[in-house]
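**Student:** First to last, the sequence lines map onto chains A and B. Residue numbers for the first sequence follow this note's numbering, so the first one is 1 and each next one is one higher. Residue numbers for the second sequence follow this note's numbering, so the first one is 1001 and each next one is one higher.
To be clear, the hints were calculated from the coordinates, so they are not data collected in a lab. Watch out, some of these pointers could steer you wrong.
What the hints assert, rightly or not - Under 10 Å between C-beta atoms, here's a sample of chain B residues computed to sit facing chain A:
#	residue
1	Gly1091
2	Met1093
3	Ser1094
4	Ala1259
5	Ile1331
6	Arg1364
7	Thr1369
8	Ile1372
9	Ala1378
10	Gly1384
11	Glu1386
12	Gly1414
13	Ser1419
14	His1423
Claimed, not checked - Calculated cross-link-like contacts (lysine to any residue; reagent style SDA-like; alpha-carbon spacing at most 20 Å):
#	chain 1	residue 1	chain 2	residue 2
15	A	Lys321	B	Asp1379
16	B	Lys1395	A	Ile233
17	A	Lys321	B	Ile1441
18	A	Lys3	B	Gln1345
19	A	Lys15	B	His1423
20	B	Lys1017	B	Ala1303
21	A	Lys320	B	Lys1081
22	B	Lys1361	B	Ala1328
23	A	Lys325	B	Asn1405
24	B	Lys1157	B	Gly1256
25	A	Lys321	B	Ser1257
26	A	Lys321	B	Gly1042
27	B	Lys1195	B	Ala1215
28	A	Lys325	B	Ala1325
29	A	Lys3	B	Gln1314
30	A	Lys321	B	Asp1400
31	B	Lys1361	A	Pro8
32	A	Lys325	B	Gly1321
33	A	Lys320	B	Glu1403
34	A	Lys15	B	Asn1405
35	B	Lys1392	A	Pro311
36	B	Lys1157	B	Gly1124
37	B	Lys1017	B	Pro1367
38	B	Lys1017	B	Arg1253
39	A	Lys325	B	Ile1008
40	A	Lys15	B	Pro1425
In this text, a Cβ means the ideal position worked out from N, Cα and C, and glycines have one as well.
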Amino acid sequence: MSKLIVSPSPHIHSKDSTRSLMRDVVIALIPAVICSVVFYGWQELLVLGVSVASCVLLEWAITKYMLKQPSTIGDLSAVITGILLALNVPYTTPWWVIVIGAVVAIGVAKMTFGGLGQNIWNPALVGRVFLLVSFPTYMTTWSAPKGLFGADAVTGATPLGAIQEGLMSGASVEELTSAYNYRDLLFANLGGSAGEVCALALLAGFVYLCCRKVIKPWITLSIFATVALTSLIFWGIDPSRFTDPVFNLLTGGLVLGACFMATDYVTSPMSLWGGVVFGVGIGFLTMMIRYFGSYPEGVSFAILLMNSVVPLLNMWFKQKKFGRK
Amino acid sequence: MSKRTFSIGGVHPHDSKISRDCAIQALPIAPTVYISVAQHIGAPSVPVVAVGDKVKVGQVVAEPGGFVSAYIHSSVSGTVKSIAPRADLAGRMSTHIEIAVEGDEWLESIDRSDTLVTEIPEDGKAIIEKIRQGGIVGLGGATFPTHVKLSPPPGSKCERVIINGCECEPYLTSDFRTLLEKGEQVVVGAAILRKVMGNVPCTIAIEENKPEAIAHIREVIARLGFEGIEVMVMKMMYPQGGEKQLIDAVMHRQVGSGALPISVGAVVQNVATALAVYDAVQKNKPIIDNSVTVTGECFPRQANLLVRVGTPLQYIIDYLGGIPADAAKVISGGPMMGRAVANLQAATVKGTGALLFLTEKQTRRAPETSCIRCGKCADACPMGLEPFLLNKLSKAQDWDACEQNAAQDCIECGCCLYSCPAHIPLLDNIRVGKGAALNAIRARAAAAKAAAEAAKK
């Protein structure tokens, strides 16, 4: 002993670090990743690889050559953006489209604002929505799962897309939803982007994150509750025009969005009640877009819209200060 | 009964009470002690001895320098060698009385026997005077003179005395050992305190991780037959022993910003203070020693020592075998709120409760990264503040905004910095904003007072 460290208290720190929290999110996504690879085959693996690699490489290149700052890829947040982007596109998406998505997600939505912690919108969702409006053909032609070693893909529409098309041609919701059963939705047997295929795998990841105290369940639960309640009301009024609650909960990436996108630290409110209002807003907007909008799917837009008001929610909903009114 | 806790925030550091089984043993008296005249909050005391004077254990060596101040007694017998500035543990200079030890001769008025005196004097004023004469200050960390706390301002009324036995800081075990080994004295001390405050009920609050102490104190209360004293089991949660948090947990009342506990009818005293009150009132023994936990995973000889006030830290460490090679930080107090020691020649003061050794691995701060707005700091803050915001406002030197966002309410418990995954030095920065906000509030109060006086004339 020759020298003593002198610094202000506290002298110990919890084991949490940004990296460890992000690593937990990656771990929580593993069941969904395995599911999607099993159901969609090697092409999905390619999508995941391209997406994660381009997100991480882009962030590294931008910090090194444009910002000239130490690299931030060690915090693993770019890996998560990559996985989420991959889970948000169909497995048939060409690799160059995914790279464009990564450029928008990391380059525009994240690093332009100053990197991790500074962005207003969820990067993966911005990338996804950009691709949705720029390359609608690739993004809306979904293929039914063919399995890891399956035969050729059967091309079709997602359940929500099929229903919207059907409604336009005059069919009733009962006829259209009779094609799907809930067990298929829960255990992944329907067309959709990779992350939509297995609700149970996603929910397992969500439970893991809650148990590890990485996220709090309020945002996710209030989204589920609002979607269920809103669709229950509309479905109760006219079951031939509006889809039922269980169908709405299990389709269109709602589980993925509610569990992994809406709960992103950076773009969600901090307080309990802020989070509940945020979740209710996402749930309600999602249902309004699904029922009355021109897109069959509303979760991405709903989350991005609510991301925009997070600073306000943080200002309005604060923890009551000790001993103050 | 369900376990109580405070209503906002808090963290769960590992409790690391590795010295919990070490009985309190008396440290041999050092050859020379250095007694500081600034051992308490408030005005420094004024030395009343001169170089060359012979002093005995318990003899007054410094008198209060103001209303909020305390008597200081010699902890040893011997000759006053010097009265001069000396560096304290942070390296700051303050006046110390150096005494060369000769034997161990106590004042005759001090009852050194082990007999338990349960008969409590009738006169409250006389009790408070004895507490004042005993130089008793809050030993939970703040070292606020106890007799001031026991003399509530006119118009306020005490409704409950709380004895703080939470010891919520990791590693610390001296209060736990005191409860186990001096439980009777602590209970009598509690009985004295509740009597002084007007026979109000008294709660001894102990955290759930000390079941032996809880059982022992309950047994002692029943055996001695004291009325109006109860044990309350608290949840293990940091900072359960924070004064405002403890009142919230025990009485469900929140002390307002800038207000004193008495404003909600509470008086909180630490376990060690209750023992000191017993010693002063029943045994005529002023504070001349206190128990100090010496601990740390890297420290081979864990101990709870009874240390004479003014003992150099180096002497304690040498007695226990010296500083381990891998110790990188020595902390006076607990790991959450204790102060890093810069000077091992510094002497203990009344409020010294622990010496903790941490390795570089345990204590090194990771480099700061970007805030990810996770809100963990706001969840952890027991005062309901927004540390991430106060951090930014302090760095921007926006002192008005710091005050509006209640930086002055910060209790510096360290929960925010402890829990921040981005390792942002939140509390370091908030302390600056808190200081500025407090200065602004004091300046306004002083200006208002001056204006009121000018208007009178």
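**Student:** May I ask which of the numbered hints given earlier this structure violates, with the numbers listed in increasing order?
**Tutor:** 2, 3, 16, 21, 26, 27, 28, 32, 34, 37, 38
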